[in-house]
Amino acid sequence: DSGVTQTPKHLITATGQRVTLRCSPRSGDLSVYWYQQSLDQGLQFLIQYYNGEERAKGNILERFSAQQFPDLHSELNLSSLELGDSALYFCASSVDSLGTPLHFGNGTRLTVT
Amino acid sequence: QQQVKQSPQSLIVQKGGISIINCAYENTAFDYFPWYQQFPGKGPALLIAIRPDVSEKKEGRFTISFNKSAKQFSLHIMDSQPGDSATYFCAAGSSGNTPLVFGKGTRLSVIA
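Heads up: the protein sequence lines correspond to chains A and B, in order. Per this note's numbering, the very first residue in the first sequence carries number 1; after that it's consecutive. Per this note's numbering, the very first residue in the second sequence carries number 1001; after that it's consecutive.
So the derived label-pair ranges between C-beta atoms look like this:
| id | chain 1 | residue 1 | chain 2 | residue 2 | range |
| --- | --- | --- | --- | --- | --- |
| 1 | B | Gln1014 | A | Thr15 | 41 to 51 Å |
| 2 | A | Phe69 | B | Gln1014 | 47 to 57 Å |
| 3 | B | Ala1112 | A | Asn77 | 40 to 50 Å |
| 4 | B | Gly1060 | A | Gln44 | 26 to 36 Å |
Once the Cα atoms are required to be at most 27 Å apart in a straight line, the calculated DSSO-like pairs of lysine-lysine come out as:
| id | chain 1 | residue 1 | chain 2 | residue 2 |
| --- | --- | --- | --- | --- |
| 5 | A | Lys9 | B | Lys1104 |
| 6 | A | Lys57 | B | Lys1005 |
| 7 | B | Lys1042 | A | Lys9 |
| 8 | B | Lys1042 | A | Lys57 |
| 9 | B | Lys1068 | B | Lys1057 |
| 10 | B | Lys1005 | B | Lys1068 |
| 11 | B | Lys1071 | A | Lys57 |
| 12 | B | Lys1104 | A | Lys57 |
What the hints contain is simulated information worked out from the structure, not anything from laboratory work. Given the structure is predicted, the values throughout are model-derived calculations rather than measurements. Cβ coordinates follow ideal geometry from the N, Cα and C atoms, glycine included.
Between the sequences and the hints, there should be enough to build the whole structure, so can you do that?
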């Protein structure tokens, strides 16, 4: 068990809708990372937060946003969903801010119909 | 220049054999090269990592070989076991909070 909790495990929604994915990092970890995993693109880095502040940004679409709250949990908001947004979304955490995700959650599988 | 190219896409190895997965990178600023192991339904887990000041790092049956001049690194799994069947990702990053760039993964199947 990595100690990283992601909810929900599965999400099915329609195009145009908005969803929120939630992540609780491993106890003691201050950094949270979000990744998108699809069959053809592998693991794509979306965004990193460290102790509530945005630390690094990857290929995150403008329709997507994230935040990290004072209790260090994080939420990834996906809006105006398209079929191509269907993927596994992983959250990971680490103690430091150096960009290496050490502990991954088991992911949220998003299906957009 | 940010890409990490991983091969092969899939690999079938007999139990007891050696599994070899290769990665190549272009960005000479990369100085940290981890490998992750992912089982179905689970998130990736950090397996082993190397920095370019050494050419090889071994942890149990897992070894990373690193060739700085060729900008390549590889994962060797000795005495491969069915329990090693998983998807393996290489990654590369540089010091100072640069997010890791991942390869596209290799699906390893170890058959008895």
